Structure formats: C-alpha cells, structure tokens
Amino acid sequence: MTRTRKPGVSRRSTLALMGAGAVTFAAPWVARAQAKTIKIGMPTILSGRVAQLGTSSRNAVMLEVEKVNAAGGLAGRQIEMVIRDSKGQPQEAARIARELVNTDGCEMLLDGEASSGSFAVHEVARDLGVLCIHTCSEASSLTADPKQHIPNAFRCVRQGIHDSIVGAGYAAGIAKTKGLKKWATCSPDYAYGRDTTGEFVLYLKKFAPDVEIISESWPKLFQPDYTEVVTKILQAKPQALYSCLWGGDLTSYIDQANIYALFTQMEVFAVNMADYTALTVVKNLPKGIHSGDRYIKTFPATPENAAWGDAYKAKYNEYPTNWSWQNATAVMFLNEAVKKANSTDGKKVAEVLTGLTIKCPFGADGTVTMRADDRTLVGYAIGWGTTIPQEPYVPDVKAGDWKTIFELEAEWKKSKGYT
Amino acid sequence: MTELQAGQGAQPLAPPRIDARPQRYRDVLIALVAFVLLALLPFIFGSKQLLDFVIRCAAYGLFATSLNLLVGYTGLISFGHGMFFGLGAYGFGLMMQKAGVAIPVAFVATLAMTFVVAVVIGAICVRLKEIYFAFVTLAFQMLIHSTILSWQSLTGGDQGLRGGIPRPPFLGIDLSNHLHLYIASCALLVIGLFLMRQIAQSPFGYTLRMIRDNATRASFIGIDVWRAKLTIFVLAALFAATGGMIMALFVSGAYPEFAYWTISGEGIFINMLGGVTTFLGPMVGTVLLLILNDTVTRLTEYHGIVLGIVILFFAIGLRKGLMDFVVEWFAQRRGEGRG
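Note that the protein sequences, when read in sequence, are chains A and B. Going by this note's numbering, the first sequence wraps up at 1594, each residue one higher than the last. Going by this note's numbering, the second sequence wraps up at 340, each residue one higher than the last.
Calculated from the structure, these hints are not laboratory results. In this text the structure is predicted, and so the values were computed from the model without any measurement. Each hint should be verified, as a subset may be incorrect.
What the hints assert, rightly or not - In the DSS-like style, the derived pairs of lysine-lysine whose C-alpha atoms are separated by at most 27 Å in a straight line are: (1) B:Lys-99 with A:Lys-1523; (2) A:Lys-1458 with A:Lys-1490; (3) A:Lys-1591 with B:Lys-99; (4) A:Lys-1523 with A:Lys-1214; (5) A:Lys-1351 with A:Lys-1322; (6) A:Lys-1412 with A:Lys-1395; (7) A:Lys-1381 with A:Lys-1591; (8) B:Lys-99 with A:Lys-1322; (9) A:Lys-1412 with A:Lys-1380; (10) B:Lys-49 with A:Lys-1211; (11) B:Lys-49 with A:Lys-1214; (12) A:Lys-1534 with A:Lys-1523; (13) A:Lys-1462 with A:Lys-1356; (14) A:Lys-1407 with A:Lys-1462; (15) A:Lys-1514 with A:Lys-1534; (16) A:Lys-1380 with A:Lys-1573; (17) A:Lys-1412 with A:Lys-1381; (18) B:Lys-49 with A:Lys-1522; (19) A:Lys-1458 with A:Lys-1488; (20) A:Lys-1380 with A:Lys-1351; (21) A:Lys-1589 with B:Lys-99; (22) A:Lys-1588 with B:Lys-99; (23) A:Lys-1488 with A:Lys-1356; (24) A:Lys-1462 with A:Lys-1353.
Stated by the list, open to error - Computed far set for chain A versus chain B, every beta-carbon distance over 10 Å: (25) Asn-1277; (26) Ile-1349; (27) Phe-1397; (28) Thr-1529; (29) Gly-1530; (30) Lys-1534.
Beta carbons are placed, not taken as given, at the ideal position from N, Cα and C, and that holds for glycine.
Next up, chain A with everything else stripped away, as it sits in the complex (with noise of 0.2 Å):
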C-alpha cells in the first residue's frame, strides 16, 4: 500500500491551530462583552513556605465575598474572584496583576502579596490605573513613602510602625515595673526585622531612657538551627528579649529555645506570637511571653469579632490569621465604598476611599479608617497582651492607644524624610 498521506502537519491541522490561537486571544474581549459580574483579581502567595498567607487571605476573601453575593452584590454585580499564586515572586506578582487586568477582565485587584511582590504590584496599579488595595504587605514604606503615592492603590494592612510604637509603649511599662534594663533583640535578617527591631528599639528607649540593648542576633529568614542564637543570648544573659520572628521561623525558636528554658530566664516579647498560626504549632506554649495582638477573636473583646473568628473557624476548620482580618477588612471597604459610590467605577470608587470610616469588627472601636493621606488602613484593634498555653491563648490584651501612635508615627515619617 502506497502512503498517500504526507509526513509533517497539514494544512487542514495549521488552520485548525491557528483558529484555536485567534479564539484563545480574542477570548478576553468576548468575556467583557459579556461582563455582569465583577471581576475581582488577586495575586497572592500559595505555595512555599508561606502559603498560609494566601490560603488563610483567600479565605477571608470568600467568606465576606459570599456575604456581599448574598446581599446583591457590589452595585447589583456578582463578585467573582480570580485568585492565582504568584510563588512570590515578584516578577510572576507583576505578570499575574497584569494578565488578571488584561486578560481576565477583573476590574479591581486585591494585592495579597508580601514584600517585594506588593511593590511589584504597586507599580502595575500605577501603570494601568486599576483599583488596587493591598492587603498582606506590613512594609510602612508601601504608603509612607511619597514616591509610592497614587490615588488608586489603598493599603488595609496594619503597619510595622504602629505595632513598633504600641509594643514599645507597653514593654517600656513592664521593664519601668520589673526594672528591666538589660535587654537583647533576635530579629530575621531583612528589612522587615531590621527596620521594626531598629523602630521598637527606638520607642523602648525613648519611653523608657535607661534600657540597654546588650545582645543583637540576626538569623536568617527560614533558619532551621537556632541554637546558636539562643546561646549567645543566654550567654549575654539580658533580662528581656525583643523578638520580630514570624511564622514557622518563631514557633521553631520557641520550641528550640524551650529546650535550654530560655523563657524561665528573661521576659520575652515576641510581636507576632499572638496569631493562631504561630499559637497553635509551638509544642510547648510557654506562659507569659509578650506579644502583640495578630489575630485573636477575643480581641477586641466584642460580639462581632467572637462572631467572625468562629464563622471562620466552622467553614475552613481552622483559626483565621492576620492575612485573614485584612482581607476581610479590605472586601467590607470594597463593599461600603461601592455602596457610597453607587458604582463599580475604579476612579469614584476609588475617591470615596479615600479617608472612608467603616463599621468593621476589627477596629479599636468598632470602626476603622482608610486614612486620607496616605490612603493606608488606621484605627485597627492593636495591643499587647500575655500568652497562656490554652485557648484564649491571650486572655488579656492591653490596647494601644491610636492617638499616641499618630503623633509618634507623623515624627517618624519627618524623620525618614516622608514628609
């Protein structure tokens, strides 16, 4: 039998190709045209050794998405999300915040990216003039700093700065009451630890003049070994010791510094103990380690918290985190600032924004604020308190107090030259 059939790809297959090529590329203006949904896109980390943080983001987001179909929408639009993982890379954040714009046709973008992928993001809400609300990045330089001014990215996370100023605050009351003076700092080694270790150590000092900082250690981000660290802190022997470890990092030091009973041999303040992701790993929780508030239903104290942090926790069957409350947070913003508006309209969106007061179980006093300036979430429930090793894990949290943090933070922006 003679092969009639030529070897190598028609022309009937090249056409098929290329029609399924135009298709694939025209695809987004055919999903616009059809648009009565609202799209709403979101970079954020899923996979890695954080991946909590988008998980747990995600979750908040769909919790309070449901809420906002259930009653109609934004604007009489059904939300639909549009979640990727970017890995956390900020060049992959960047990619992804384009196409979902581009591409997917989502009007809105909610940045859930850390560090260098929310600057990433930034520049693509610069770029495209989207509406984008970042809501995982604690980096104060994200609104603080001028040049990243523009009226269309808000940020509804709480602040280094802020929990810098309230945790110095309180840790100057309990090293004037227990005369606490010689103090060591064990801090990661990136800008995040370097810069809230520098302001707390700033704010300690100044609130309480004669602490000494005697011990400085600087593990790497995602250190395995700690005992080296914990070591040379025993050897300096300090009476307290400040702490910005976060994540898997801090329950993996706290679980190696048990084994030398560090925490029977100096107060110890450590500002992201207190949210149920760190909570709830540790083995041994020791008692009374002092920690600001991340996450905690039981702070503030009211119905409305409880209510969330329990809803959260029978539809995904576990504790909400920090990522979890901004995220929330940022999606009610959304929703009363579309309400306001009565439009889906980036720009008057945007604008209503702009120094908005909503309702929101997270606030200090039921309330919270995108303040105008520099268009960043104020006003949030921040405090410390002391941990127990059951729940409510943080029985007593001392709240700070807003008015101090803005008088202090407006003389930190002067100092770094912001204003």
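Chain A is fixed; fit chain B onto it per the hints.
Showing chain B alone in chain A's frame:
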C-alpha cells in the same frame, strides 16, 4: 619518502577559506524577518497578554541563550549566571532612578558596570573546573544577592527599588508606552540573539567548542584557554544583563529575587528543556517554560508537581532537550529517506 613526496609535503598548506558571509547574510535575513513578524504581532492579535508574554520571553530568552554560550558551547556549567540578570536589572533601575540619565546612557552604563564585575568574577571562576566552577559561581551569586539585601540605603533591601523606574522618552521612543516597550524588547531580543549567533559561529565560537571537548588539547595547539573562557564568560554576562534590563522595564522595578539562585536554576532548566546542542534550543525552552508556567499556574496550585514531572520527562524520558530531539529526529528521517 622520495624527494618528490617530501617536496610536495613541504609545500605550504593552503587551508580552504570558508566564506562565512553567505551564512551571515542568511542570519541577518532571518533576524529581520523574525523582527518584522514579532513587530506585526500586536497589530494582528492586539492581546496585551501576548505582548507581556513576548517581553518576558525576550528577558528570559536572552538570559537562557547567554547561559547556553557557557553551558552548551564552552562546557562551563554556571550556577550563578542569574547574578548578571540581577545586576542588569538593578544597575539599570538605579541609574534611571538616581542619576536620571537618558535610557540609552543607562543601558550602556549598565553594560559597562556588568563588564567590570564579570571580568573580576570571571577571572577568579574560569580557572576552576566543572563542579568547582559551578559552586564558586553560585557563591558569587549569593554574595551579590546578600549585598543587595543588606545595602538597604541603595537597593531598598528585600523590598526592591521603590517608586517605579522613570522612562523619559528618547528619539521618539517612549518606553512607558507598552507597545513601544514591546517593540524595543523584540529589537533587543533579535539583536542579542543575532550577536550571540555570530559569536557561536565565529572561529572563536569553534574554539569554545574545542575547549569544551578537550581543553588540554586546545591549550596544546596554542589556545589561551583561560582568556577564551573569560571572554565568553564576560560576553554571556552582558547578554544576561540585557535580559535583566528588559525585566526591570517590564516590572518597573528591580527585586532581590532577580539575583537569587532560583533565576540561575530556571536558566538551567530552560536549557534542559530546549536543548543545548542547537543555538535556538534555549529560546524554544524559554517559550515552553513560560507557556507551561502561565497555563499550569492558572489551572492548579500544584504547579510544582506538574513542572517536576515535565523535568523528569525530559531528563529521564527524552534524555535531551526538545530541540535536540527534533533535530535528531529530522536527521534520522532524512537518513531513512536517502536509504
């Protein structure tokens, strides 16, 4: 041996001179056609996603092809090539942010800076062989990465260069316009590939292949192996830096991840995927990897597993890159046809 034979043998050898010009003309033609086709794409499809895709292909393609000059042509397996990608991005970004110079000036200045750094690092590294070379390049990469993280006042630490990269228009080209950026990236890609092709096909390129196959023999016939290796190390660094500059323009910033070892790893993966025995192998690998990455991350969170399986398929199943496989397959068919 008779006198006659001796006399004949003593005649000066006249090696046949291969005229490289027709090949070069062909390359110029291919480059022009490729550029025109790429430049026409936006007018045919108009998809912004496609433009983004091609810009990223240009950045990674230049990076991966330059790595292949080391890996495939010279046998220098560099695990630290990503440092030049990062240097390109930071050098260019900083130059634009701090010095506020014109884009072409920043471009040339970044290449000059990369040149200096590559000469210093290369002079130390290329003396070493195989695994030692690989690890010392990796060590230098981590040194540069750590420097970027620690030198916060200049680089912004782990937050990267903040505030966007200004792009003042020059010669009627406005790189803040996405179409202009696309055309410029295509031009850089095509010119970069063309230049690298000329390097690979030049006598110097063949010297590199000889060094790869047997460095001792190369040195015995009078080739300065160290100098040749250093030269290609520096040239490859310049193209990698160009890739980094395209990426910096795409994301309007520079981030420490650009100089992290994972970027070098991706480069090596691209080379494995596309194949190192053909010039266009890494370019094909780039397109493949980016398509895979973009589609798989859309579909599943478990993209790591999918990409891992693909690597296994190429490494264990095909045991070569895609282009190697295709070229062999064609050669085989041609052989069969003749038989």
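Going through the hints against the structure:
1. Between the alpha carbons of Lys-99 of chain B and Lys-1523 of chain A the distance comes to roughly 34 Å, so the proposed pair goes past 27 Å and is violated.
2. This hinted pair checks out: Lys-1458 of chain A and Lys-1490 of chain A have alpha carbons roughly 25 Å apart, not beyond 27 Å.
3. In summary, the hint linking Lys-1591 of chain A to Lys-99 of chain B is supported, as the alpha carbons are separated by about 18 Å, within the 27 Å threshold.
4. About 17 Å separates the Cα atoms of Lys-1523 of chain A and Lys-1214 of chain A, which keeps this hinted pair within 27 Å; it holds.
5. Our distance criterion of 27 Å between C-alpha atoms is broken by Lys-1351 of chain A and Lys-1322 of chain A, whose separation comes to about 39 Å.
6. A hinted pair counts as satisfied when its Cα atoms are at most 27 Å apart, and Lys-1412 of chain A with Lys-1395 of chain A qualifies at roughly 22 Å.
7. In summary, the hint linking Lys-1381 of chain A to Lys-1591 of chain A is supported, as the alpha carbons are separated by about 17 Å, within the 27 Å threshold.
8. Taking the CA atoms of Lys-99 of chain B and Lys-1322 of chain A, the gap is near 13 Å; set against the 27 Å cutoff, the hint holds.
9. The straight-line distance between the Cα atoms of Lys-1412 of chain A and Lys-1380 of chain A is roughly 19 Å, inside the 27 Å bound, and the hint therefore holds.
10. At roughly 22 Å between alpha-carbon atoms, Lys-49 of chain B and Lys-1211 of chain A fall within 27 Å of each other, so this suggested pair holds.
11. Straight-line distance between C-alpha atoms of Lys-49 of chain B and Lys-1214 of chain A comes to about 18 Å, which keeps the hinted pair within the 27 Å bound.
12. Pair hint Lys-1534 of chain A plus Lys-1523 of chain A holds up; C-alpha atoms about 21 Å apart against a cutoff of 27 Å.
13. Under the criterion of a C-alpha separation no larger than 27 Å, the hint pairing Lys-1462 of chain A with Lys-1356 of chain A is consistent with the structure, at around 22 Å.
14. Restraint check: the Cα-Cα separation between Lys-1407 of chain A and Lys-1462 of chain A comes to about 22 Å, which is no more than 27 Å; the hinted pair holds.
15. Of the supplied pair hints, the one linking Lys-1514 of chain A and Lys-1534 of chain A holds, its CA atoms being roughly 14 Å apart against a limit of 27 Å.
16. Annotation: proposed proximity of Lys-1380 of chain A to Lys-1573 of chain A holds, straight-line Cα distance about 20 Å (limit 27 Å).
17. Proposed proximity of Lys-1412 of chain A and Lys-1381 of chain A is supported: the alpha carbons are some 23 Å apart, at most 27 Å.
18. For a cut-off of 27 Å, the pair hint linking Lys-49 of chain B to Lys-1522 of chain A stands: about 22 Å separates their Cα positions.
19. Taking the CA atoms of Lys-1458 of chain A and Lys-1488 of chain A, the gap is near 21 Å; set against the 27 Å cutoff, the hint holds.
20. Taken as a hint, the Lys-1380 of chain A and Lys-1351 of chain A pair is honoured in the structure, with Cα atoms around 11 Å apart against an allowance of 27 Å.
21. A hinted pair counts as satisfied when its Cα atoms are at most 27 Å apart, and Lys-1589 of chain A with Lys-99 of chain B qualifies at roughly 21 Å.
22. Proximity of Lys-1588 of chain A to Lys-99 of chain B is assessed by CA-CA distance (about 21 Å); at most 27 Å being required, the pair is judged to hold.
23. Among the hinted pairs, Lys-1488 of chain A with Lys-1356 of chain A is inconsistent with the structure: their alpha-carbon atoms are about 41 Å apart, more than 27 Å.
24. For the proposed pair Lys-1462 of chain A and Lys-1353 of chain A, the alpha carbon gap of about 17 Å is at most 27 Å, so the pair holds.
25. At the 10 Å boundary, the C-beta of Asn-1277 of chain A falls inside the reach of chain B, the nearest C-beta of that chain being 4 Å off.
26. Residue-level check passed: Ile-1349 of chain A sits 31 Å from the nearest beta carbon of chain B, beyond 10 Å.
27. The beta carbon of Phe-1397 of chain A is kept farther than 10 Å from every beta carbon of chain B, the shortest such distance being approximately 12 Å.
28. Non-interface status of Thr-1529 of chain A relative to chain B is upheld: no Cβ of that chain comes within 10 Å, the nearest being about 20 Å off.
29. At the 10 Å boundary, the C-beta of Gly-1530 of chain A stays outside the reach of chain B, the nearest C-beta of that chain being 24 Å off.
30. Distance check for Lys-1534 of chain A against chain B: the nearest CB is about 33 Å away, which clears 10 Å, and the non-interface claim stands.
The structure is inconsistent with the numbered hints 1, 5, 23, 25, although it conforms to all the rest.
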